[in-house]
Every structure is written in C-alpha cells, then in structure tokens.
Amino acid sequence: MNLLLQGVAGTLILIGSLFLFLGALGVYRFPDVYNRLQAGTKSTTLGALSLILGVGLAEPAWLPKALVLMLFILLTNPVSSHAIGRASYKSGYPLWEGSIVDHCQEHDACKGGGEA
Amino acid sequence: MIPGWLWILAYTLIGLGVLLGLLRAFLGPKTPDRLVAVDALVTITMGLMVLLGLWYRRGIYLDIALIYGALGFIATLAIARYLEGGL
Amino acid sequence: MAHRIGQFLFTALVLFGLWLLFTGTLDPQETAVGALLAAGIALFTHRRFTRGGLQNLAPGRLLCLLAYLPFFTWQMIKANLDVAYRALHPRMPLNPGIVRVKTRMTSDIGKMAVANSITLTPGTLTLEVDDDTLYIHWIDVRSTDPEEARRLIPGVFEPCLKRIFP
Numbered sequence: 011m012n013l014l015l016q017g018v019a020g021t022l023i024l025i026g027s028l029f030l031f032l033g034a035l036g037v038y039r040f041p042d043v044y045n046r047l048q049a050g051t052k053s054t055t056l057g058a059l060s061l062i063l064g065v066g067l068a069e070p071a072w073l074p075k076a077l078v079l080m081l082f083i084l085l086t087n088p089v090s091s092h093a094i095g096r097a098s099y100k101s102g103y104p105l106w107e108g109s110i111v112d113h114c115q116e117h118d119a120c121k122g123g124g125e126a
Numbered sequence: 005m006i007p008g009w010l011w012i013l014a015y016t017l018i019g020l021g022v023l024l025g026l027l028r029a030f031l032g033p034k035t036p037d038r039l040v041a042v043d044a045l046v047t048i049t050m051g052l053m054v055l056l057g058l059w060y061r062r063g064i065y066l067d068i069a070l071i072y073g074a075l076g077f078i079a080t081l082a083i084a085r086y087l088e089g090g091l
Numbered sequence: 042m043a044h045r046i047g048q049f050l051f052t053a054l055v056l057f058g059l060w061l062l063f064t065g066t067l068d069p070q071e072t073a074v075g076a077l078l079a080a081g082i083a084l085f086t087h088r089r090f091t092r093g094g095l096q097n098l099a100p101g102r103l104l105c106l107l108a109y110l111p112f113f114t115w116q117m118i119k120a121n122l123d124v125a126y127r128a129l130h131p132r133m134p135l136n137p138g139i140v141r142v143k144t145r146m147t148s149d150i151g152k153m154a155v156a157n158s159i160t161l162t163p164g165t166l167t168l169e170v171d172d173d174t175l176y177i178h179w180i181d182v183r184s185t186d187p188e189e190a191r192r193l194i195p196g197v198f199e200p201c202l203k204r205i206f207p
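Chains R, F and A supply the protein sequences, listed in that same order.
To convert, take the position in the first sequence, counting from 1, and add 10; that gives this note's numbering.
To convert, take the position in the second sequence, counting from 1, and add 4; that gives this note's numbering.
To convert, take the position in the third sequence, counting from 1, and add 41; that gives this note's numbering.
Isolated chain R, as found in the complex (with noise of 0.2 Å):
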C-alpha cells in the first residue's frame, strides 16, 4: 500500500515538473505575448499542481497544506494572468502577424492610454 502510494507521487512529481518545464519552453518559444501567456498560465499551473499533489502524496502529514497551496495556486494564476493579457492589450502590444482575427479591435473596452 505504501509503495503504491510512492509510486503514484513519484509519478505525479515527473508529471509535474515535465509540464513545469514544457511551460517554460512555451514561454521562450512562442511568438507574442498572448501565446506565451497561454503557455505560462496553463502548463505551469497545472505542473504545479501534479507536483505539489505528489509532495503531498509522498508526506501525507502535509497533504492539508498542500490542497491549500494547490487551491491558492488555482484561484491566482488566471487571475494575475488576464491581468497580464489585459494591460499588454491595453498598453498597445501588438498581436503576432499570423493571428487571424481580432474582435476587440472595434470595441472601447479595450482601448486605453500608453505605449508598450
């Protein structure tokens, strides 16, 4: 039984610093700063997750702590990052010469002062 139970966050520890690292990549690699923000908020949050889980699994006397970072690590990412998404836009940075469409080009709500 305990085995199994290492086993399962030896596993969910890989797992998570794999996406952890893939985040990062997505991070260096993509072309403008939405599709990075698509990198770095989700593949981050979720490597933090499967890490913290496993961390968790592994000792379980912090298991409590850990479900609390876990859902404080879950409330705040997407937050801080539509706030990033928002002031880029807002700030002037452009959308990568290959994007397709840009809806919020016309609207008011998402024009504001300042240069990037």
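To be clear, the hints were calculated from the coordinates, so they are not data collected in a lab.
Just so it is clear, the structure is predicted and the values come from calculations on it, not from any experiment.
Note that CB positions come from ideal geometry on N, CA and C, so glycine has one too.
Careful: at least some of the hints might be erroneous.
As the list claims (entries may be wrong) - Derived contacts from chain R toward chain F, CB cut-off under 8 Å, selection only:
| id | residue |
| --- | --- |
| 1 | L22 |
| 2 | L35 |
| 3 | T54 |
| 4 | A58 |
| 5 | L79 |
| 6 | A93 |
| 7 | I94 |
Dock chains F and A against the given chain R, drawing on the hints supplied.
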C-alpha cells in the same frame, strides 16, 4: 521512497525550465514579455520550493512557497496595473 | 440583519476551514485561536467577501462543485497536452486571434468562475470582460462567428457553473 534517478530528472527538468524562463525575461523584447516570464517563474519556483521541502524533509518550505506565491501574485497585479496606465 | 449574520457566518466558516487545513492539528488551543481569528477577520471583511450568505453552502451547490472538479481537471489536462504539443512542434502550429463571445452568467462571481475556467482550459485566455461580453484570446481559432464560438468556449462550462453560481 522516491528513487534517486527521479530526483535528478525532476531537478533537471525544473532547472531547464527556470533557465528558459530567465532567458525570456532577459531577451524581452518588451515589458509584457518579461512580466509573463517572471509570472511563470514564480509558479515554477513555488513548485521547486515544495519539492525542496520534501528533499530536506522540512515542512516550513510549504509555508514559504505560499508566502512567495502571494507576494508574486501581488507584484504581478501591481506591474500589470502600472502598464495599463493607472496605479 | 439576518443577511449580514449569514454573510458573517459563511466568511468565518471558510476562514476557519482554511486555518484547520493550514495548521493541520486539532489541538484545542490552536483551534480556539483559529476560531477567534476567523471571527475577528470575518467581522471586518464579511461584506466584501461574499454577496450571499450561508446558502452558499447548500448541499446541492456543493455536490455540483464536486461534480465539476473532475470534469474541470480533465479539461485542464487536455489543455496542457495541447499547449505542450504546440510548444514542442518544430514549426509551432499556431492560429491565434481574439474573438468575442457572450456569457449567460449573470452574477459577478459566476462571470469570474467562467473567465477563470476559460483561462485554464484548451487554448483560450480571457483578455477583457465587459458586462456579459468576454474577449478571448484563442490559440487555434476555429470559428469567428460569435454564436459558434459561444458554443465552443463557454458553452462547455456554463450548464454546470450556472447551477453552482445562480
């Protein structure tokens, strides 16, 4: 027990991730790009701290990860607000 | 007044639950300090913390939340495999754009839940919320028509979230 090769693999992957994130933060080209890289680095560092906590068997690392995440979150929001034009 | 008491109790309960999770003990002294702190903080923050009151904890809504979690986790795993594929592919198959969709959620917390769910799931990221209109950055635009996009993006979450945050 978590085997040694798994530790090495996990630390290597996370280390490479931190390296790529830092590269993006240095290369830019604009402020939002750097901000995205730093925001991703905060999450990666939280994961790394928790993993180090397991490595050293010290529960305090989890608390520090939480505080670090809260600070990083507030910093990201503040910089985003600044970029938007109002602070 | 009854509403304020409900708000206060809900806030205090959530804070106390977090305290229990974070300290990880049931030691009477620590629990007492936690209860005192939760009540004290809730006294000052309950009006900002929640609009509703104890009905936030109605069993139907909690069950719905429990049912939503595995579905959401699956969507998130799908999203990550998708992004990972695009990041690893040598030519990076991107087809991005910003589309406008309408959401059926009415409450602020419901809109936030939908926006956050969208951000964490396949290839979509909420950029701007204006009343009931969401502007979404989509990494692989499959339809620029608002109705079609609505069905593809928030349509997946809304039936369930609508029941959790009416």
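Query - Hints breached by this structure - result: 1
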